[in-house]
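K.L.:
The residues making up each chain are set out below.
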Amino acid sequence: MIALTRVTKRFGDRPVVERVSLVVEAGTTHVLLGGSGSGKSTLLRLVLGLLTPDEGEVSVDGVRVTPASRGDVQRRIGYVVQEGALYPHLTAADNAMLPARARGWPAARMAERLAALARLADLDRPLLERYPAELSGGQRQRVGLMRALALDPPVLLLDEPLGALDPLTRAELQGQLLAIFRELGKTVLLVTHDVREAFVFGRAITLLDQGRVVQQGTFADLARRPATPLVTAFLRAQAAPPEMAAYL
Amino acid sequence: MGLLAVSLALAAPAARAADAPVVRVGSKSFTESYVLAELVAQIVERTGEARVERRFGLGGTGIVYAALASGAIDVYPEYTGTIARAILKDPAVTTLAAMRAGLTPAGIVVGEPLGFDNTYALAVTRPTAARERLRAISDLRGRGRLTAAFDAGFLDRDDGWPGLRRVYGLEFRDVRIMEHALAYRALAAGSVDVIDVFSTDGQLAREDVVLLDDDRRFFPDYAAVLLAREGVRQRLPRTWAALEGQLAGRLDNATMARLNAEADLDGRPFAAVAASFLGGGGAAMVSHARELPALTLQHLFLVGVSLVVATALGVPLGVLAARRRRLGQLELMGVGVLQTIPALALLAFMIPLFGIGRLPALVALCLYALLPIVRNTYAGLVSLDPQLLEMATVLGLDGTRRLAWIELPLASVTILAGIKTSAVVTVGTATLAAFIGGGGYGTLIVTGLALNDARTILAGAVPAALLALVVHALFEVLDRLAVPRGLRARAAAAAR
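Line by line, the protein sequences are chains L and A.
As numbered in this note's numbering, residues 1 to 248 make up the first sequence, in order.
As numbered in this note's numbering, residues 1 to 496 make up the second sequence, in order.
Please keep in mind that the hints were generated in silico from the structure rather than gathered at the bench.
One or more of the hints may lead you astray.
[As the list claims (entries may be wrong)] Derived Cβ-Cβ restraints for the label pairs, each shown as a range:
1. L/Ala239 / A/Val382: 30 to 36 angstroms
2. L/Ala245 / A/Pro386: 38 to 44 angstroms
3. A/Thr393 / L/Ala239: 38 to 44 angstroms
4. L/Arg236 / A/Arg323: 48 to 54 angstroms
[Claimed, not checked] Which stretches of chain L does chain A cover? Using the computed rule of at least three CB atoms under 8 angstroms from a CB of chain A, they are:
5. 53–62
6. 129–136
All of these numbers come straight from a predicted model, not from anything done at the bench.
Note that the Cβ used here is the ideal one computed from N, Cα and C, for glycine as well.
The shape of chain L in the complex, shown without the other chains:
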């Protein structure tokens, strides 16, 4: 379970996150939806302990996130970012197994885990020996996912995981991610600016604007009972025009 209670974070005088509270129940997926500058990535970094809140508190599975507990908290979290943030000097396999290597796993255990992860992420074995520059965007993102899942953490944080992908790859990977989340029962907090992605992934959605929570609820709640005109505007902005929808 991830819980944020009235969390505020300022960069200088400017609040980037202001009095945000949200709860992600264990085994569920929660989507942080918002435009650029809404503070959604900052929220993930607060959960990871990379930033310390100025007010309020953050906890992961009941452990309060502080500089002292940061290492323990990070061990419980898998983190995926846009374009993967893979290390260009390491092969896909070495990238994926980096967390295991950092914890001194023996080679046999790593090989076994690597095979399982490749199956899970649907990555062909020969691709594992390639370097990131030799992989497609979708393949790189699969490797990033493998790395996040390497130690089988209970919590996954994903920051625009599909943001840099072409539409077909995105659709394919979206379906696979959904299956993986369900199958493994992870607690997932996923950041996106894409309304469709929010619709697909999140039973619970938090819409953020300029660091504040505008509305929390299901997609239906946001669509049918918008808290402010901004909610409707945000949802509609990315909808297909009716004329176009008629063709599809």
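On the provided structure of chain L, position chain A as indicated by the hints.
P.N.:
For chain A alone, coordinates are given in the frame of chain L:
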């Protein structure tokens, strides 16, 4: 690793030095000093009491005297005027007895004068002397229609033109700056009437010129003497007696000018000039081509060792600078300041600490090689993608493993570029090592400069330039080995 093998091979000859006593003979880097030092060396060898190590071409009084004082050399030729002004720093000291009194505490012996006096003099052509009735410098007074050409140093020094003009009350129609070698030609061509010379210049033995008598004794004495460590006289009495016996009072101005002319104008090797003066078997001619392999090994040794050490020091210093930014700024300033010290001055600073020869040259070269390595390591580390570094923290990589697994490999291209810059620059800077007896291609360059002989200079400069190209090519190969394949693939992808 090849460099390591080379270094071991070079260390071997030095290791068997222990059996016979050694006299290390030094010289400054101009013709007369080389010739005199070669005379000293051959007399020591013929006496048979000791082996000789030649440490010729040391760069100037400061370096060569420091070498003598620290025991890095045992004997070298010097001039009384220089002893007073540059070593004892007291122009009032003029007698040998006073110089001996001043140098005895340092354990240094001043030998008997060799016979000639290499001081400034004014020269005119014989026809000019006859026409103007010139015998002494004071005869020049009132000859204001004459023109003069003086060396830049002579024009500047108080014991040169400014003082001379005051003491004798001289005026010329025109006084130009001209380098010595050119001035002789200008004098012969009749385009100037009076030039300054050194009283033992080789040209004096060949050209029809008259030296004007310094009738007011304005120019200080620059009588040649040997400076030696007390130990030479005590431990090797026969050798010392032979040196005094065969050199003291034996070289008058004309003889020295003739020997200088043989080396300077005829291009005879110093060893041959010295051997024919001493009589008997001429010394074997050493051609540059025969010296080249040894000099190449010495040069490679200098470059290789200083580069390895500079890398071993520079990369950690760069890491430290990147970790502690404020300390880093101080550090980068420090290595930057090192770079601004003129190379010769840095070499001179090394002598009191490390003597002369290879060690001080290596230390100085290391210090010079540091800057590009430290700076590139620092720049490579601070410019890494912050997202990749943050991810390393999240993945559980702590300080040293983050550095070794992530940061250094990612920065390797930049770091290697710094090492490459250092290597190529060091190939060039290492030629200066010859000024403190460090060997290498610079030996030929220093000798060639002393002889004003472009062929000898090129014999050292061309291989040094070629070596720089080879080093560059070598690093292209090293790039392939040391830079992780993924980074190269990325560069290739970016190029596509």
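K.L.:
Which of the numbered hints are not met once you compare them with the structure shown?
P.N.:
1, 5
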